[in-house]
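**Student:** So the sequence shown is numbered by my numbering: it starts at 1 and just counts up by one.
By construction, these hints were calculated from the structure, which means they are not laboratory data.
Some hints here could point you the wrong way.
Computed beta-carbon distance windows for the label pairs [unchecked claim]: (1) Tyr130 to Ala105: 33 to 41 angstroms; (2) Gln11 to Met68: 24 to 32 angstroms; (3) Arg21 to Tyr81: 38 to 46 angstroms; (4) Asp17 to Arg85: 43 to 51 angstroms.
Listed next, the in silico DMTMM-like pairs over lysine to aspartate or glutamate satisfying Cα-Cα at most 20 angstroms (straight line) [claimed, not checked]: (5) Lys10 to Glu43; (6) Lys10 to Glu51; (7) Lys47 to Glu20; (8) Lys47 to Glu70; (9) Lys10 to Glu20; (10) Lys47 to Asp17; (11) Lys47 to Glu60; (12) Lys47 to Glu13; (13) Lys10 to Glu70.
We put the beta carbon where it would ideally sit given N, CA and C, even for glycine.
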Amino acid sequence: MWMLTKRTGKQCEGVRDALERSTEQRGARGIVALGTLLARLPERGRKHVSECSDCRTFAEELLEVRGMFESEENGARPGPYFLARVMAAIADREMELEKSAQTWAAVPRLAYRFSVLVSLTLLITGSWLYQRPAHTITVAGVSAEQSSEGLVEGGGTTMQDDFLLNTAGR
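Whole structure, please, built from the sequences with the hints as guidance.
**Tutor:** This is the structure we're talking about:
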(Lines of atoms letter the chains of each structure in order from A; the text may use other names.)
(Lines give C-alpha, C1' and ligand atoms only; values in the text may rest on other atoms or scores of the structure.)
Protein backbone atom coordinates (compact mmCIF):
# COMPACT_ATOMS: atom_id res chain seq x y z
CA MET A 1 0.00 0.00 0.00
CA TRP A 2 2.64 2.56 0.96
CA MET A 3 5.22 1.01 -1.34
CA LEU A 4 7.77 0.88 1.40
CA THR A 5 9.37 -2.21 -0.03
CA LYS A 6 10.08 -0.70 -3.45
CA ARG A 7 13.20 1.24 -4.08
CA THR A 8 12.22 4.63 -5.35
CA GLY A 9 14.18 7.56 -6.61
CA LYS A 10 14.86 10.78 -4.76
CA GLN A 11 12.25 12.60 -6.82
CA CYS A 12 9.53 10.07 -5.82
CA GLU A 13 10.47 10.39 -2.16
CA GLY A 14 10.32 14.18 -2.36
CA VAL A 15 6.89 14.13 -4.03
CA ARG A 16 5.52 11.67 -1.48
CA ASP A 17 6.78 13.81 1.39
CA ALA A 18 5.17 16.87 -0.21
CA LEU A 19 1.88 14.97 -0.61
CA GLU A 20 1.88 13.96 3.06
CA ARG A 21 2.70 17.49 4.19
CA SER A 22 -0.07 18.94 2.04
CA THR A 23 -2.68 16.65 3.66
CA GLU A 24 -1.46 17.54 7.16
CA GLN A 25 -1.91 21.29 6.75
CA ARG A 26 -4.79 23.18 8.36
CA GLY A 27 -7.05 23.65 5.37
CA ALA A 28 -6.49 20.09 4.10
CA ARG A 29 -9.33 18.47 6.06
CA GLY A 30 -11.83 18.71 3.23
CA ILE A 31 -9.56 17.33 0.50
CA VAL A 32 -11.26 14.32 -1.04
CA ALA A 33 -10.31 14.61 -4.71
CA LEU A 34 -6.95 13.87 -6.25
CA GLY A 35 -7.06 17.08 -8.30
CA THR A 36 -7.44 19.21 -5.20
CA LEU A 37 -4.49 17.48 -3.57
CA LEU A 38 -2.32 17.86 -6.66
CA ALA A 39 -3.19 21.55 -6.92
CA ARG A 40 -1.37 22.09 -3.62
CA LEU A 41 1.86 20.65 -5.06
CA PRO A 42 4.43 22.68 -6.97
CA GLU A 43 4.43 22.37 -10.78
CA ARG A 44 7.36 19.95 -10.79
CA GLY A 45 5.54 17.64 -8.31
CA ARG A 46 2.31 17.68 -10.34
CA LYS A 47 4.22 16.78 -13.47
CA HIS A 48 5.96 13.88 -11.69
CA VAL A 49 2.68 12.49 -10.30
CA SER A 50 1.11 12.58 -13.77
CA GLU A 51 4.08 10.61 -15.19
CA CYS A 52 4.80 8.19 -12.30
CA SER A 53 2.09 5.57 -11.68
CA ASP A 54 3.55 4.64 -8.28
CA CYS A 55 3.30 8.22 -7.00
CA ARG A 56 -0.24 8.56 -8.40
CA THR A 57 -1.24 5.34 -6.58
CA PHE A 58 0.42 6.70 -3.44
CA ALA A 59 -1.60 9.93 -3.67
CA GLU A 60 -4.88 8.02 -4.16
CA GLU A 61 -4.18 5.72 -1.23
CA LEU A 62 -3.13 8.65 0.92
CA LEU A 63 -6.46 10.37 0.25
CA GLU A 64 -8.32 7.14 0.99
CA VAL A 65 -6.56 6.59 4.32
CA ARG A 66 -6.94 10.23 5.39
CA GLY A 67 -10.65 9.99 4.54
CA MET A 68 -11.01 6.90 6.73
CA PHE A 69 -9.33 8.62 9.66
CA GLU A 70 -11.40 11.76 9.16
CA SER A 71 -14.64 9.79 9.35
CA GLU A 72 -13.42 8.20 12.59
CA GLU A 73 -13.00 11.62 14.19
CA ASN A 74 -16.59 12.52 13.38
CA GLY A 75 -17.95 9.21 14.68
CA ALA A 76 -20.66 8.68 17.27
CA ARG A 77 -20.17 10.37 20.61
CA PRO A 78 -21.18 8.75 23.89
CA GLY A 79 -24.43 9.84 25.48
CA PRO A 80 -24.65 12.11 28.52
CA TYR A 81 -25.18 9.21 30.95
CA PHE A 82 -22.51 6.93 29.50
CA LEU A 83 -19.91 7.81 32.11
CA ALA A 84 -22.40 7.37 34.95
CA ARG A 85 -23.37 3.89 33.68
CA VAL A 86 -19.73 2.84 33.33
CA MET A 87 -18.87 4.04 36.84
CA ALA A 88 -21.94 2.26 38.27
CA ALA A 89 -20.91 -0.98 36.54
CA ILE A 90 -17.40 -0.64 37.97
CA ALA A 91 -18.78 -0.02 41.47
CA ASP A 92 -21.03 -3.10 41.18
CA ARG A 93 -18.11 -5.24 40.10
CA GLU A 94 -15.95 -3.97 42.98
CA MET A 95 -18.72 -4.71 45.48
CA GLU A 96 -19.08 -8.24 44.10
CA LEU A 97 -15.33 -8.83 44.40
CA GLU A 98 -15.35 -7.44 47.94
CA LYS A 99 -18.10 -9.87 48.96
CA SER A 100 -16.11 -12.81 47.63
CA ALA A 101 -13.03 -11.54 49.50
CA GLN A 102 -15.04 -11.31 52.73
CA THR A 103 -16.18 -14.90 52.26
CA TRP A 104 -12.58 -16.10 52.16
CA ALA A 105 -11.56 -13.82 55.04
CA ALA A 106 -13.02 -16.35 57.53
CA VAL A 107 -10.82 -19.16 56.21
CA PRO A 108 -7.61 -18.16 58.07
CA ARG A 109 -9.49 -18.01 61.38
CA LEU A 110 -11.02 -21.43 60.76
CA ALA A 111 -7.70 -22.83 59.61
CA TYR A 112 -6.03 -21.69 62.83
CA ARG A 113 -8.72 -23.28 64.98
CA PHE A 114 -8.61 -26.46 62.92
CA SER A 115 -4.81 -26.73 63.23
CA VAL A 116 -5.02 -26.27 67.02
CA LEU A 117 -7.69 -28.98 67.23
CA VAL A 118 -5.65 -31.41 65.11
CA SER A 119 -2.50 -30.71 67.15
CA LEU A 120 -4.28 -31.45 70.41
CA THR A 121 -5.78 -34.63 68.96
CA LEU A 122 -2.36 -35.84 67.83
CA LEU A 123 -0.84 -35.00 71.20
CA ILE A 124 -3.50 -36.92 73.12
CA THR A 125 -3.37 -39.89 70.75
CA GLY A 126 0.42 -40.02 70.87
CA SER A 127 0.55 -39.89 74.66
CA TRP A 128 -2.08 -42.64 74.89
CA LEU A 129 -0.05 -44.88 72.56
CA TYR A 130 3.16 -44.38 74.57
CA GLN A 131 1.45 -45.19 77.87
CA ARG A 132 0.30 -48.66 76.84
CA PRO A 133 1.86 -51.46 78.89
CA ALA A 134 5.08 -52.67 77.37
CA HIS A 135 5.52 -56.34 76.40
CA THR A 136 7.41 -58.04 79.25
CA ILE A 137 9.77 -60.92 78.60
CA THR A 138 9.72 -63.73 81.16
CA VAL A 139 12.14 -66.59 81.68
CA ALA A 140 9.56 -69.01 80.35
CA GLY A 141 9.29 -66.92 77.20
CA VAL A 142 13.08 -67.00 76.69
CA SER A 143 13.30 -70.76 77.12
CA ALA A 144 10.41 -71.23 74.70
CA GLU A 145 12.28 -69.13 72.15
CA GLN A 146 15.42 -71.23 72.58
CA SER A 147 13.58 -74.50 72.19
CA SER A 148 11.85 -73.30 69.04
CA GLU A 149 15.19 -72.22 67.66
CA GLY A 150 16.38 -75.76 67.41
CA LEU A 151 13.31 -76.77 65.45
CA VAL A 152 13.88 -74.15 62.80
CA GLU A 153 17.61 -74.64 62.25
CA GLY A 154 17.92 -78.31 62.87
CA GLY A 155 19.61 -80.16 65.69
CA GLY A 156 23.24 -80.08 64.48
CA THR A 157 24.44 -76.95 66.26
CA THR A 158 25.60 -78.71 69.44
CA MET A 159 27.75 -81.13 67.50
CA GLN A 160 29.40 -78.29 65.58
CA ASP A 161 30.18 -76.47 68.82
CA ASP A 162 31.82 -79.58 70.29
CA PHE A 163 33.95 -80.01 67.20
CA LEU A 164 35.12 -76.39 67.33
CA LEU A 165 36.01 -76.68 71.02
CA ASN A 166 38.01 -79.85 70.45
CA THR A 167 39.98 -78.35 67.58
CA ALA A 168 40.70 -75.20 69.54
CA GLY A 169 42.05 -77.22 72.48
CA ARG A 170 44.73 -78.92 70.45
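**Student:** Indicate, hint by hint, whether the structure satisfies it.
**Tutor:** Results of checking the hints against the structure:
1. In this structure, Tyr130 and Ala105 meet the distance hint of 33 to 41 angstroms, their C-beta atoms being roughly 40 angstroms apart.
2. Taking 24 to 32 angstroms as the suggested C-beta distance range, the pair Gln11 and Met68 conforms, at roughly 28 angstroms.
3. In this structure the supplied range 38 to 46 angstroms holds for Arg21 paired with Tyr81, their Cβ-Cβ distance being about 42 angstroms.
4. The hinted range of 43 to 51 angstroms is satisfied by Asp17 and Arg85, whose Cβ atoms lie roughly 46 angstroms apart.
5. Using a Cα cut-off of 20 angstroms, the hinted pair Lys10 and Glu43 holds, with the two alpha carbons roughly 17 angstroms apart.
6. The suggested pairing of Lys10 with Glu51 holds, with an alpha-carbon distance near 15 angstroms, which does not exceed 20 angstroms.
7. Restraint check for Lys47 and Glu20: satisfied, since their Cα atoms lie roughly 17 angstroms apart, inside the 20 angstroms limit.
8. Between Lys47 and Glu70 the alpha-carbon distance is near 28 angstroms, which puts this suggested pair outside the 20 angstroms criterion.
9. Between Lys10 and Glu20 the alpha-carbon distance is near 15 angstroms, which keeps this suggested pair within the 20 angstroms criterion.
10. Using a Cα cut-off of 20 angstroms, the hinted pair Lys47 and Asp17 holds, with the two alpha carbons roughly 15 angstroms apart.
11. The hinted pair formed by Lys47 and Glu60 meets the criterion: a straight-line CA distance of about 16 angstroms does not exceed 20 angstroms.
12. Between the alpha carbons of Lys47 and Glu13 the distance comes to roughly 14 angstroms, so the proposed pair stays at or under 20 angstroms and holds.
13. Between Lys10 and Glu70 the alpha-carbon distance is near 30 angstroms, which puts this suggested pair outside the 20 angstroms criterion.
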